[in-house]
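**Student:** Residue numbers (our numbering), protein chains in the order written: chain F, 85 to 743; chain B, 85 to 743.
Heads up, a few of these hints could be off.
For identical chains, the list gives no copy identity; a pair is met inside one copy or between any two copies.
As the list claims (entries may be wrong) - Listed next, the in silico DSS-like pairs over lysine-lysine satisfying Cα-Cα at most 30 angstroms (straight line): (1) K714 <-> K667; (2) K382 <-> K116; (3) K677 <-> K515; (4) K377 <-> K294; (5) K714 <-> K497; (6) K526 <-> K690; (7) K260 <-> K677; (8) K533 <-> K470; (9) K239 <-> K261; (10) K497 <-> K533; (11) K260 <-> K526; (12) K382 <-> K558; (13) K570 <-> K470; (14) K470 <-> K515; (15) K239 <-> K667; (16) K533 <-> K116; (17) K660 <-> K570; (18) K667 <-> K260; (19) K116 <-> K523; (20) K334 <-> K261; (21) K239 <-> K260; (22) K563 <-> K116.
Quick caveat, the hints were computed from the structure, so don't treat them as lab data.
Residues per chain are reported as follows:
2 protein chains.
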Amino acid sequence: MITVDTILYNAIVLTMDDDFRIFEPGAVVIKKDRIVAVGNDDMINNEYDAENRIDCHGKLLMPGFINAHTHVPMTLLRGLADDLRLDVWLNGYMMPVEREFVNPDFVRLGTKLACAEMIRSGVTCFADMYYFEDDVAEATAEVGMRALPGQTVMKYPTPDASSFEEGLELAENFIKKWKDHPLILPTIAPHAPYTCTPEILQSCADIAIKYDVPIQIHVAETALEVESLREETGMPVVPYIKKNGIMDAKVIAAHCVHIDEGEIRSLQHAKAGVAHNPTSNLKLASGFAPIQKMLDLKVNVGIGTDGPASNNDLDMIEEMRLATFIAKVTTSDPTALPARQTLTMATRMGAQALHIDHLTGSLEPGKRADLILIDISPVHNSPRFKRDPNGVYAQVVFASKATDITDVMVNGKWLMRERVLTTIDEEAYLKQGNLLAEKIDKFLISREKSVLSKLIAIGGSMEEESFEIQCKVKVDDIKNIMVALKQESIEIERTRHYHEFDTYFIFEDQEQGTLRYREDEFLDERGQITNVRSRLTLIGQKNEKTPEQSVMLSRSRYIAPATHSLRFYREYFQPKRELEIEKLRKRFLINYKEFDFFVNVDTIIKPDMGHFVEVKSRTWSRQDAVYKSKILSELIEVLGLSPALIVTEDYFHLVDRRN
Amino acid sequence: MITVDTILYNAIVLTMDDDFRIFEPGAVVIKKDRIVAVGNDDMINNEYDAENRIDCHGKLLMPGFINAHTHVPMTLLRGLADDLRLDVWLNGYMMPVEREFVNPDFVRLGTKLACAEMIRSGVTCFADMYYFEDDVAEATAEVGMRALPGQTVMKYPTPDASSFEEGLELAENFIKKWKDHPLILPTIAPHAPYTCTPEILQSCADIAIKYDVPIQIHVAETALEVESLREETGMPVVPYIKKNGIMDAKVIAAHCVHIDEGEIRSLQHAKAGVAHNPTSNLKLASGFAPIQKMLDLKVNVGIGTDGPASNNDLDMIEEMRLATFIAKVTTSDPTALPARQTLTMATRMGAQALHIDHLTGSLEPGKRADLILIDISPVHNSPRFKRDPNGVYAQVVFASKATDITDVMVNGKWLMRERVLTTIDEEAYLKQGNLLAEKIDKFLISREKSVLSKLIAIGGSMEEESFEIQCKVKVDDIKNIMVALKQESIEIERTRHYHEFDTYFIFEDQEQGTLRYREDEFLDERGQITNVRSRLTLIGQKNEKTPEQSVMLSRSRYIAPATHSLRFYREYFQPKRELEIEKLRKRFLINYKEFDFFVNVDTIIKPDMGHFVEVKSRTWSRQDAVYKSKILSELIEVLGLSPALIVTEDYFHLVDRRN
């Protein structure tokens, strides 16, 4: 008799090994951190003895699930914002909150909570990608889970690095520090091709190769990303990252939604692993990854939950279920991705995808003891049929719930026994998480109260508020004014020609002002578009007449370049209603009596409202405004415009009243 | 103060009413079977008093989920067969087992277990469709759940009716019996357009209208169904059922995967409800139902789990989650079907789809007290953000688990308190279910042992085993034999010309025989196909030579018309390997010396093996065989065939040896 530490017996043992051996009743023998033997109860009982013999009561005993792609600290942002488009979700909510709140404490707390949730749902190992991964690693090692934390590098400043050079240094130090840890395999994570320069990609690859650690990267998650990269470089995503050295390292490619057969072959050739994230790809409407094709071409595909802020959980059973469902429906073949193969992706093949199948992923002698017990007796998973040897895999994939996991062991150490976590004070961390959520709530609620602060939250430089005097006159045609501008008292300093498309967002609370999204097409003399500029202007409400009756003093305009699409701003600001104005504008910067004025000769196309001449000037004080408004009134007459036809409202109000 | 029976307070009350009112902390007031009031704790405490005041500890209090389409007794067949194509699953496994096992006891047990599972996952009401629905109703009423059991009617014999007339009578009696029950709303369920005649559809509609009860029907679940109906009748499914009276009743149309905009408008116009079954539609690869379009066009769409044998659970939270995911990805719009709308489909709109929204589906005074409590504090659903009022709906849809449901009340009566079922002895039923599963396992295991019994299990009339003598001769060309057949001693009674495609299934255990799938194209004189026939032949192994050396006595051929596709048989029988033979055959029925013989003049095209002449005759005894084989040998010579070129093997072995 060989004496060992622990014998788990009277289980239905799913080894998930190459031969998919099942032992029932079966046993697993553990010594220190390793599996020593796996077999039928009788065989094991004849050969091994242990003080610690655990009756598994007919539960399933199998390798723990491997979560091949996630962002664990984002557990703290779960449910912060849902049902939004990726850019609104990311740029409008995730990034502003991350800029404000993400620090080592945040990351540690999020990791602990994520570990609690993952252990409860049978995960023994995960590949992470976030900031402050040293803290992710610390927190994970304290818990006792196995992980591949990936230190993010990108061309933008991140919460933990103000430049990519700093990011690279951080990553290299992180890898050096954790390289030989029994649970932690440090990795480097160039975030994505579109957030990294070629130099960053190459440097990350160099570091990964130097230390022989995997490299994690988001690949072809959205169609937009693929299109943009193709426009920019003429290349699809996989050849592009290959060109930049990534494929020379041990790649873990997350998502891979929009890749073609050639790219799949290229991944296979490089022995890259793919992390399939069905929930996230569906919830964010990214698309269906061609998983069946990848499996046919022998790519190692693991399954990941992605971050809990876009999922919204870390439940690998649901993830597996979804993986098999969408494989079936997208291939129109209900026999596609059967339960056993799906479960393999979540265990052994997941380990292969993460380049750690020598350590974990199946119950085989010599591998680390990373295993779970699942109770398949609950009413939602009964009865049990034994005719089909694949039935037991189907029970896990199609009918089990995460809450059926009763026990979890990693590296020979119990992390959960009979649904009680042994290394995490769940209640304490939950409390901390809820306190933090209150702070984040407050931050966002106060931001959301004001259109201006929502505008500031999504970044972009912003002009200070400004004042201007303005006056507008309806004209029948624009010939006369073009002639009038040529008189001697007027010096034309600059002429521009625009085609302007304005969309006004009107809010419930009118005190918030009105937000204008303007797309200007710059036209040359032949009316051809030479450039396009998008600007966002928050127009305050306070308009007042100057003493000079016909001139309006307009105030408070915050102007920012519009870096996102109109659709983004619509979904982010959620206006009560919208109003559209399209006009052709000839814009003259003139000097009259030593003052600069803008003269806009406008033709309102949509709605069809004819021609207007608008005269404007910046101003800095009420006194200045009063003085300038006199000059302006004079200028109106010099230009031959009729003061009787003066309109004091701006276009927005003119059109709004007309509608 | 008004005295009532029960006050539930200190909850987050999601009314799911038209205004989506939320009360936090909120309360619901119950008297007898009804909701009396819903509001903030303060308001309720000021107005109502009850002996039974229940502190909900900040849990969500909301209407119970409505499972809009299921087959509850099939709980007993969960996991029986998975990852199979619909026809293999249905005709190969479900129907043979149902024929053998479904009876009133089966249905009652299955219903009790399904109720246990559904209560545990927060379902308070379900629409069912199966056989023996009187027993479903009895079992459900005993449990105390609300249900719309639908008595199935179809043109084929069912476990509870040997003809459709009997089925209609059963359904009408069932409706009469249960019409006024407080929990049970009986319905009639013409199974599907393709399993019912127009007369059945019309009769079911008449009964539904006569008793003013809903009618349940499967509509356009698969593309095949739609194609077949269009070929047969020239109509899409919805116009077809409309033509046959169905739309004049209160329709509950399950699936509706393959319907177009016109059909959606037609459903809306008839105020038909749709039951959306995302899991089943994905798992069986049926497709994506156009749910967003249905909602845009104001159709009432509920969510159903479908039967647990094709899901494999009755978990409405998973079903909701999948519904929103696939709506997002199929419309490429992550804002599609947001959480609140999805939850509405599972509650109030589900009730509308089932035509019972006057009774249930939201927490409103006057409606029945059908409600649930959900604990949203577990680690997988934390933290909680309050900024977005829709966040709480997202918590239910995106992160809750069925096991978070703690309490369930139907019609004012608790069915679960703190996760303990109050009206079902779950353990006892689980035991019974497992015992039954063992019997079903035995039945199928013994069936699966034998190719013959698998063949018999899928039905179809079968010829008895037969014996024949046969002899085959290789010839260089077929001209000589055609001339030889014209001599006077031979009378040609019939001539046929075939193009034959044979697929042989070879099994591991050769004792099982070989299964041949033959598709015969009948050719006319010009070689045009006039008819096609598919036949399945199980060929026994025992071949023996007769005393007349060159003639083989062949035995045991079970012949059945092949009503399914080659693909079906391949997936159902799972042969170890296959072998294909394609040949052109001229078949002559001749009379020689008072005996009938078949002379087959064959050209083997695939694999290319040249020409053979095969001479055969049926025989009934060894003595007869010996005698006939002498005549046959004589005939061979008369036909000018060389006995030296006689081949005693059949084509299958000839080709197999060659390969």
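**Student:** Hint by hint, note whether the structure agrees.
**Tutor:** Verification of the supplied hints:
1. In the homo-oligomer, the alpha carbons of K714 and K667 lie at most 30 angstroms apart inside one protomer (28 angstroms), although the nearest pairing across protomers, at 103 angstroms, exceeds that limit.
2. In this assembly of identical chains, K382 and K116 lie within 30 angstroms of each other by CA distance neither inside one copy nor across copies; the values are 34 angstroms within and 62 angstroms between.
3. Taking CA atoms no more than 30 angstroms apart as the test, K677 paired with K515 passes in neither setting, with 69 angstroms inside one copy and 99 angstroms between copies.
4. For the homomeric pair K377 and K294, neither the shortest alpha-carbon distance inside one copy (32 angstroms) nor that between copies (54 angstroms) is at most 30 angstroms.
5. Neither within a single protomer nor between protomers do K714 and K497 lie at most 30 angstroms apart by alpha-carbon distance, with minima of 85 angstroms and 80 angstroms respectively.
6. Neither within a single protomer nor between protomers do K526 and K690 lie at most 30 angstroms apart by alpha-carbon distance, with minima of 41 angstroms and 77 angstroms respectively.
7. Proximity of K260 and K677 under a CA criterion of 30 angstroms is satisfied in neither setting, with 70 angstroms inside one chain copy and 96 angstroms between copies.
8. Taking the shortest alpha-carbon separations for K533 and K470, only the inter-copy value of 14 angstroms comes in at or below 30 angstroms, while the best intra-copy value is 60 angstroms.
9. Taking the closest pair of Cα atoms, K239 and K261 come within 30 angstroms of each other only inside a single copy of the chain (24 angstroms); across copies the shortest separation is 73 angstroms, beyond that limit.
10. For the identical chains of this complex, K497 and K533 are neighbours neither inside a copy (49 angstroms) nor across copies (44 angstroms), given an alpha-carbon limit of 30 angstroms.
11. Taking the shortest alpha-carbon separations for K260 and K526, neither the intra-copy value of 39 angstroms nor the inter-copy value of 59 angstroms comes in at or below 30 angstroms.
12. Taking the shortest alpha-carbon separations for K382 and K558, neither the intra-copy value of 71 angstroms nor the inter-copy value of 46 angstroms comes in at or below 30 angstroms.
13. Taking the closest pair of Cα atoms, K570 and K470 never come within 30 angstroms of each other, the shortest separation being 95 angstroms inside a single copy and 61 angstroms across copies.
14. For the homomeric pair K470 and K515, the shortest alpha-carbon distance between copies (16 angstroms) is at most 30 angstroms, but the shortest distance inside one copy (45 angstroms) is not.
15. Taking the closest pair of Cα atoms, K239 and K667 never come within 30 angstroms of each other, the shortest separation being 39 angstroms inside a single copy and 68 angstroms across copies.
16. For the identical chains of this complex, K533 and K116 are neighbours neither inside a copy (57 angstroms) nor across copies (44 angstroms), given an alpha-carbon limit of 30 angstroms.
17. In this homomeric assembly, K660 and K570 never come within 30 angstroms of each other (Cα to Cα): the closest approach is 44 angstroms inside a single copy and 93 angstroms across copies.
18. Taking the shortest alpha-carbon separations for K667 and K260, neither the intra-copy value of 61 angstroms nor the inter-copy value of 70 angstroms comes in at or below 30 angstroms.
19. Within a single copy, K116 and K523 get their C-alpha atoms no closer than 43 angstroms, and across copies no closer than 43 angstroms, so neither meets the 30 angstroms cut-off.
20. Proximity of K334 and K261 under a CA criterion of 30 angstroms is satisfied intra-copy only: 19 angstroms inside one chain copy versus 69 angstroms between copies.
21. Only within a single protomer do K239 and K260 lie at most 30 angstroms apart by alpha-carbon distance; the minimum there is 22 angstroms, versus 73 angstroms between protomers.
22. When the C-alpha separation of K563 and K116 is checked against a cutoff of 30 angstroms, the pair qualifies neither within a copy, at 93 angstroms, nor between copies, at 82 angstroms.
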